[in-house]
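Chemist: Spelled out, the chains give:
Number of protein chains: 2
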Amino acid sequence: MRHNFGAGPCILPQEVFKQASQAVLDFKDGLSILEISHRTAEFEAVVEETVKLIKELMDVPSGYSVVLLQGGASLQFSMVPMNLLPEGGTAAYLETGVWANKAIKEVKVFGTANVVASSKEANFTYVPKDYVIPEDSAYFHCTSNNTIYGTELFSFPKTNVPVVCDMSSDIMSRVIDVSQFDLIYAGAQKNIGPAGLTIAIVKDEILGKSGRKLPSMLDYKVHIDGGSMYNTPPVFSIYVAMLNLRWLKAKGGVAEIEKENKAKAEALYKEIDRNPLFKGTCAVEDRSRMNICFVMENPELEKPFLKFAEENGVEGIKGHRSVGGFRASIYNALPITSVHALIELMQIFAEKHQ
Amino acid sequence: MRHNFGAGPCILPQEVFKQASQAVLDFKDGLSILEISHRTAEFEAVVEETVKLIKELMDVPSGYSVVLLQGGASLQFSMVPMNLLPEGGTAAYLETGVWANKAIKEVKVFGTANVVASSKEANFTYVPKDYVIPEDSAYFHCTSNNTIYGTELFSFPKTNVPVVCDMSSDIMSRVIDVSQFDLIYAGAQKNIGPAGLTIAIVKDEILGKSGRKLPSMLDYKVHIDGGSMYNTPPVFSIYVAMLNLRWLKAKGGVAEIEKENKAKAEALYKEIDRNPLFKGTCAVEDRSRMNICFVMENPELEKPFLKFAEENGVEGIKGHRSVGGFRASIYNALPITSVHALIELMQIFAEKHQ
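Top to bottom, those sequences are chains V and F.
Using my numbering, you'd call the opening residue of the first sequence number 49 and step up by one each time.
Using my numbering, you'd call the opening residue of the second sequence number 49 and step up by one each time.
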């Protein structure tokens, strides 16, 4: 039995793998999902259902469009200012980790990033609060979950400025109120589907105001008008995302998975706090429910524990090099039994090394 | 038996479908190719092999880099001028179809497109020759194969200006001399692999000269330096491309497949020219070996023939709406037996309707 705690691309449900594998052999009348035209009625239905499921699962209000894109959050870092930041404008950014930092860097090609708050001085181990967003900002940008450092934003600022959020690593892991945001984007490869797909949820009224000439492929409006088919979309990644979103809906949707995610995170943090060999790395109130970062009191035991975990089927818990220690990513599809397996290994290891 | 003549995403070899299907269930130690991190040694090996196979199969000279990207040719339409066209500069474009036309449109965001020749007045049924590329052009851009109209460029201009070529629909279908080009790009979804992957072959020395501030994701240099892993790549599309390129190599490489492609195209054009019910739509010397466009002498027979073909397992031969009639796309993976099946149906139909 393998337990895949990888940070992404990450585990998806086993039944999704089975259905996807079958569709590679036979999607329709003996044709593979890899060889069908994106202009077939069958694939148009896949795009339609995927968009519908995103709207339904996230309870997207009217006035918002959902688009399927490519290029990951990394391309969104540039698309956001291209679409929303007028020439000479300033956008407000919350710096909570490496990804926020990369987003900030990309703004500088198009205008000014005003970093309203940062936890960089503490290696991003907490989420800054009580910052001020200047009213004349073109928009405010934040990262809802910080994969590398293991923090998560559990509240978002109330402001008159459009709020843009990179939800790549916690989208659909918990109920959020989409109407609090003007633009949400996410690389698919955590809770939505495999790598190669990006989604954006855009409040229509914020578009068309930057005054910039935009390349068609980097203009949200072009993709909205084209029904996510302006150009050849990433067919297979969309298909698998649809399967995965169907699975989420059948499980009871985002509210249900949120309960499971809370239970998984609570169980693991409880063990980290209880077990004398381990300790968490983040401010308790900002602890992510998706990426659980922890180290050992005695750093010399980290290599042996990693080896012990891997020998017992636990995959992908090595921490990012900028934090060290361990990171257990417990996305939607990771079963609680995998969390229990890791906890048991922590306990067995502690008994041996106390 | 199905015969998939779709224009793309298109047929890939059956053994590639089988291997890809298996990897969705178990790529490595029971883990799916869809759930492994792109930073694993196993996937890094996939990227490395894919790049190596492209270099080997196309005999890419030293001084060129091969990068794996996202966004299709449509995003390349903008990346090319962003990377190669200085502010206020002019680039020369050959207009041979809708895709060339889209490329021309995107340049206008960044500078001036000088259309050196066009066959638009003849609905792109031939490839213009004997045009002049001004020496002060930042680059010359052409489309080697015109999917919609069924024409192909069998020679490329000799010029001191950097030559950029969109080879989306005929890359690796025939031997080309890469050293004649400075930048080649292609959406993968014809001869390389499934949709969601784009490749670029870039002469290193042409980069870094446009003087523009570039978003990281739109800078070839960033992707080259990142070994096609600057951000999360489209893992599955790359994996399937690798399988498909292995298949091509095992078949004997591009020179071998070119022979097959010639044989397939010759057989089908011969029938089109011979059969009194059908006629080709393009100038004979410019006829594509990838997309064979034809109509019927009596347009009223087109619907019945399409129906007859579909009833007999022939998929995807409806022509693009801007040309009408039929388009049989006969990419690398389409077996000659499928071409023979189509020819037989044309002959049976002709016997019934003469």
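FYI, nobody ran anything at the bench for these hints, they're computed from the structure.
There's no promise every hint is true.
Chain copies aren't distinguished; within one or between two, either way the pair holds.
What the hints assert, rightly or not - Below 25 Å or equal to it, Euclidean Cα-Cα: the simulated SDA-like pairs (lysine to any residue) are:
{"id": "1", "residue 1": "297", "residue 2": "348"}
{"id": "2", "residue 1": "261", "residue 2": "137"}
{"id": "3", "residue 1": "366", "residue 2": "89"}
{"id": "4", "residue 1": "299", "residue 2": "343"}
{"id": "5", "residue 1": "261", "residue 2": "160"}
{"id": "6", "residue 1": "153", "residue 2": "360"}
{"id": "7", "residue 1": "150", "residue 2": "226"}
{"id": "8", "residue 1": "366", "residue 2": "90"}
{"id": "9", "residue 1": "76", "residue 2": "393"}
{"id": "10", "residue 1": "150", "residue 2": "62"}
{"id": "11", "residue 1": "327", "residue 2": "69"}
{"id": "12", "residue 1": "351", "residue 2": "325"}
{"id": "13", "residue 1": "366", "residue 2": "74"}
{"id": "14", "residue 1": "150", "residue 2": "95"}
{"id": "15", "residue 1": "100", "residue 2": "393"}
{"id": "16", "residue 1": "66", "residue 2": "299"}
{"id": "17", "residue 1": "168", "residue 2": "78"}
{"id": "18", "residue 1": "310", "residue 2": "114"}
{"id": "19", "residue 1": "269", "residue 2": "295"}
{"id": "20", "residue 1": "366", "residue 2": "78"}
{"id": "21", "residue 1": "206", "residue 2": "306"}
{"id": "22", "residue 1": "269", "residue 2": "111"}
{"id": "23", "residue 1": "269", "residue 2": "160"}
{"id": "24", "residue 1": "76", "residue 2": "385"}
{"id": "25", "residue 1": "150", "residue 2": "275"}
{"id": "26", "residue 1": "150", "residue 2": "401"}
{"id": "27", "residue 1": "257", "residue 2": "223"}
{"id": "28", "residue 1": "366", "residue 2": "93"}
{"id": "29", "residue 1": "269", "residue 2": "157"}
Just so you know, these numbers come straight off a predicted model, no measurement behind them.
Chemist: Now, for every hint given, state plainly whether the structure supports it.
Modeler: Now the hints, each set against the structure:
In this assembly of identical chains, the alpha carbons of residue 297 and residue 348 never lie at most 25 Å apart, being 44 Å within a copy and 48 Å across copies at closest. Both within a single protomer and between protomers do residue 261 and residue 137 lie at most 25 Å apart by alpha-carbon distance, with minima of 15 Å and 17 Å respectively. In this assembly of identical chains, the alpha carbons of residue 366 and residue 89 lie at most 25 Å apart only when taken from different copies (14 Å versus 44 Å within one copy). For the homomeric pair residue 299 and residue 343, neither the shortest alpha-carbon distance inside one copy (33 Å) nor that between copies (51 Å) is at most 25 Å.
In this homomeric assembly, residue 261 and residue 160 come within 25 Å of each other (Cα to Cα) both inside a single copy, at 18 Å, and across copies, at 14 Å. For a Cα distance limit of 25 Å, the shortest separation of residue 153 from residue 360 qualifies neither inside one copy, at 41 Å, nor across copies, at 57 Å. When the C-alpha separation of residue 150 and residue 226 is checked against a cutoff of 25 Å, the pair qualifies only within one copy, where the shortest distance is 24 Å, while the shortest distance between copies is 35 Å. Taking CA atoms no more than 25 Å apart as the test, residue 366 paired with residue 90 passes between copies only; the shortest distance there is 16 Å, against 41 Å inside one copy.
In this homomeric assembly, residue 76 and residue 393 come within 25 Å of each other (Cα to Cα) only across copies, at 23 Å, whereas the closest approach inside a single copy is 45 Å. Neither within a single protomer nor between protomers do residue 150 and residue 62 lie at most 25 Å apart by alpha-carbon distance, with minima of 33 Å and 41 Å respectively. For the homomeric pair residue 327 and residue 69, neither the shortest alpha-carbon distance inside one copy (40 Å) nor that between copies (41 Å) is at most 25 Å. In this assembly of identical chains, the alpha carbons of residue 351 and residue 325 lie at most 25 Å apart only when taken from the same copy (13 Å versus 74 Å across copies).
Only between protomers do residue 366 and residue 74 lie at most 25 Å apart by alpha-carbon distance; the minimum there is 22 Å, versus 37 Å within a single protomer. Proximity of residue 150 and residue 95 under a CA criterion of 25 Å is satisfied inter-copy only: 24 Å between copies versus 30 Å inside one chain copy. With identical chains, the CA atoms of residue 100 and residue 393 are never at most 25 Å apart, being 41 Å at best within one copy and 41 Å at best between copies. When the C-alpha separation of residue 66 and residue 299 is checked against a cutoff of 25 Å, the pair qualifies only within one copy, where the shortest distance is 17 Å, while the shortest distance between copies is 30 Å.
Taking the shortest Cα distances, residue 168 and residue 78 never come within 25 Å of each other, neither inside one copy (54 Å) nor across copies (39 Å). In this assembly of identical chains, the alpha carbons of residue 310 and residue 114 never lie at most 25 Å apart, being 27 Å within a copy and 44 Å across copies at closest. Taking CA atoms no more than 25 Å apart as the test, residue 269 paired with residue 295 passes in neither setting, with 30 Å inside one copy and 40 Å between copies. When the C-alpha separation of residue 366 and residue 78 is checked against a cutoff of 25 Å, the pair qualifies only between copies, where the shortest distance is 19 Å, while the shortest distance within a copy is 42 Å.
When the C-alpha separation of residue 206 and residue 306 is checked against a cutoff of 25 Å, the pair qualifies only within one copy, where the shortest distance is 23 Å, while the shortest distance between copies is 62 Å. In the homo-oligomer, the alpha carbons of residue 269 and residue 111 lie at most 25 Å apart inside one protomer (13 Å), although the nearest pairing across protomers, at 39 Å, exceeds that limit. Proximity of residue 269 and residue 160 under a CA criterion of 25 Å is satisfied in both settings, with 23 Å inside one chain copy and 24 Å between copies. When the C-alpha separation of residue 76 and residue 385 is checked against a cutoff of 25 Å, the pair qualifies only between copies, where the shortest distance is 21 Å, while the shortest distance within a copy is 35 Å.
Taking the closest pair of Cα atoms, residue 150 and residue 275 come within 25 Å of each other only across two copies (18 Å); inside a single copy the shortest separation is 29 Å, beyond that limit. Taking CA atoms no more than 25 Å apart as the test, residue 150 paired with residue 401 passes in neither setting, with 40 Å inside one copy and 65 Å between copies. Taking identical chains as interchangeable, the C-alpha atoms of residue 257 and residue 223 are never at most 25 Å apart, the minima being 30 Å within one chain and 48 Å between chains. In this assembly of identical chains, the alpha carbons of residue 366 and residue 93 lie at most 25 Å apart only when taken from different copies (20 Å versus 40 Å within one copy).
Taking the shortest Cα distances, residue 269 and residue 157 sit within 25 Å of each other both inside one copy (21 Å) and across copies (16 Å).
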